Amino acid sequence: MLFFSYFKDLVGREVTVELKNDLAIRGTLHSVDQYLNIKLENTRVVDQEKYPHLLSVRNCFIRGSVVRYVQLPPEGVDIELLHDATRREARDG
Amino acid sequence: MSWASLEDIFLSTSLASYLDKKLLVLLRDGRKLLGILRSFDQFANAVLEGACERVIVGDLYCDIPLGLYVIRGENVVLIGELDLEREELPPHMTRVSAADIRRAQKAERDATDLKGSMRKRMEFLDLD
Chain F
1 MLFFSYFKDL
11 VGREVTVELK
21 NDLAIRGTLH
31 SVDQYLNIKL
41 ENTRVVDQEK
51 YPHLLSVRNC
61 FIRGSVVRYV
71 QLPPEGVDIE
81 LLHDATRREA
91 RDG
Chain G
94 MSWASLEDIF
104 LSTSLASYLD
114 KKLLVLLRDG
124 RKLLGILRSF
134 DQFANAVLEG
144 ACERVIVGDL
154 YCDIPLGLYV
164 IRGENVVLIG
174 ELDLEREELP
184 PHMTRVSAAD
194 IRRAQKAERD
204 ATDLKGSMRK
214 RMEFLDLD
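Chains as they are written, first to last, in our numbering: chain F, 1 to 93; chain G, 94 to 221.
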């Protein structure tokens, strides 16, 4: 639940999602769910020429199981808050 | 599954907002399916009506009609909403027949295999 709550706080931010098939998509985080499925808006593919079929896709749903990384803007991360939440989760199980 | 309110549909990550829309579904095996979403569930299983597979080889493409498809969610990578006001593909791409695209796919596969076998033959040189 920790990362679900964390991503919920990041809704509205620009993120880049890198998938396990090496596709990288930049967009605004619209929503996230308990499986860490992600919905992005205003999407742009990072290497557009390599993926011509994604030209007109502006909103997408990404299955959580295929995400490798979610790249965040450094200003978007309050690392102390994350640290505290992690320690609390680890302590409370 | 309880019925979601309109707000829930707009703000949540469910596929409900994509119902009856023409979508692009990317699968784990690299296939691209297009179709209208008619049903889905919590595993991202999906039903696409009027589905077709868009095969792209270089600058050539072909849409192969498939009919009504049920997709198992574990194979889904991404579901994208196609913006109808934009071109689906870059203008330099040419549409060809199914036979032509299959030929192009085979040629691409043969070229990759050849590259792989040449690399294997050179491995003993230990150049890297």
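In case anyone wonders, no lab produced these hints; they're calculated from the structure.
One or more hints might be untrue.
[What the hints assert, rightly or not] Straight-line alpha carbon distances no greater than 35 Å define the calculated DSBU-like cross-link-like pairs of lysine-lysine that follow:
#1 Lys-208(G) with Lys-20(F)
#2 Lys-20(F) with Lys-50(F)
#3 Lys-114(G) with Lys-8(F)
#4 Lys-8(F) with Lys-208(G)
#5 Lys-20(F) with Lys-115(G)
#6 Lys-199(G) with Lys-50(F)
#7 Lys-20(F) with Lys-8(F)
#8 Lys-115(G) with Lys-8(F)
#9 Lys-115(G) with Lys-213(G)
#10 Lys-199(G) with Lys-8(F)
#11 Lys-50(F) with Lys-8(F)
#12 Lys-114(G) with Lys-199(G)
#13 Lys-213(G) with Lys-8(F)
#14 Lys-50(F) with Lys-208(G)
#15 Lys-20(F) with Lys-114(G)
#16 Lys-20(F) with Lys-199(G)
#17 Lys-199(G) with Lys-213(G)
#18 Lys-50(F) with Lys-114(G)
[What the hints assert, rightly or not] Here are the in silico distance ranges between beta carbons for each label pair:
#19 Lys-50(F) with Arg-196(G): 17 to 27 Å
#20 Lys-199(G) with Val-46(F): 36 to 46 Å
#21 Glu-18(F) with Gln-135(G): 16 to 26 Å
#22 Ile-129(G) with Leu-36(F): 25 to 35 Å
#23 Asn-42(F) with Gly-160(G): 54 to 64 Å
[As the list claims (entries may be wrong)] Stretch-level coverage of chain G by chain F, calculated; a stretch enters the list once three of its residues show a Cβ under 8 Å from a Cβ in chain F:
#24 118-127
#25 139-146
#26 198-207
#27 212-220
Every value quoted in this text rests on a predicted model; they were computed, and no experiment measured them.
Glycine included, every Cβ here is placed at the ideal spot set by N, Cα and C.
Do the alpha carbons of Lys-20(F) and Lys-114(G) lie within 35 Å of each other, as the hint requires? Holds, because 26 Å separates the two Cα atoms, which is no more than 35 Å.
Please check whether the segment 139-146 of chain G has three or more residues whose CB lies within less than 8 Å of a CB on chain F. This one is violated; 0 residues, fewer than the three required, reach chain F with a Cβ under 8 Å.
When you check the alpha-carbon spacing of Lys-20(F) and Lys-8(F), does it fall within 35 Å? Since the Cα atoms of Lys-20(F) and Lys-8(F) sit roughly 22 Å apart, the hinted pair holds (cutoff 35 Å).
35 Å limit on alpha-carbon distance, applied to hinted pair Lys-114(G) and Lys-199(G): Holds, at roughly 33 Å.
If I claimed the Cβ atoms of Asn-42(F) and Gly-160(G) lie 54 to 64 Å apart, would that claim hold in this structure? 33 Å, violated
Need the status of pair Lys-199(G), Lys-50(F): alpha-carbon distance at most 35 Å? 19 Å, holds
Taking beta carbons only, do three or more residues of the segment 212-220 of chain G come closer than 8 Å to chain F? Result for this restraint: violated, n = 0.
Below or equal to 35 Å on CA atoms is what counts here, so check Lys-20(F) against Lys-115(G). 25 Å, holds
Is 17 to 27 Å a correct range for the gap between the Cβ atoms of Lys-50(F) and Arg-196(G)? 22 Å, holds
Sort out whether Lys-114(G) lies within 35 Å of Lys-50(F), counting only the CA atoms. With Cα atoms ~25 Å apart, Lys-50(F) and Lys-114(G) stay inside 35 Å; holds.
Restraint status (C-alpha distance of Lys-199(G) to Lys-8(F) at most 35 Å): 45 Å, violated
Are the Cα positions of Lys-50(F) and Lys-8(F) separated by 35 Å at most? Roughly 31 Å between the alpha carbons, so the hint for Lys-50(F) and Lys-8(F) holds.
Of the numbered hints listed earlier, those contradicted by the structure are 4, 9, 10, 13, 20, 23, 25, 26 and 27.
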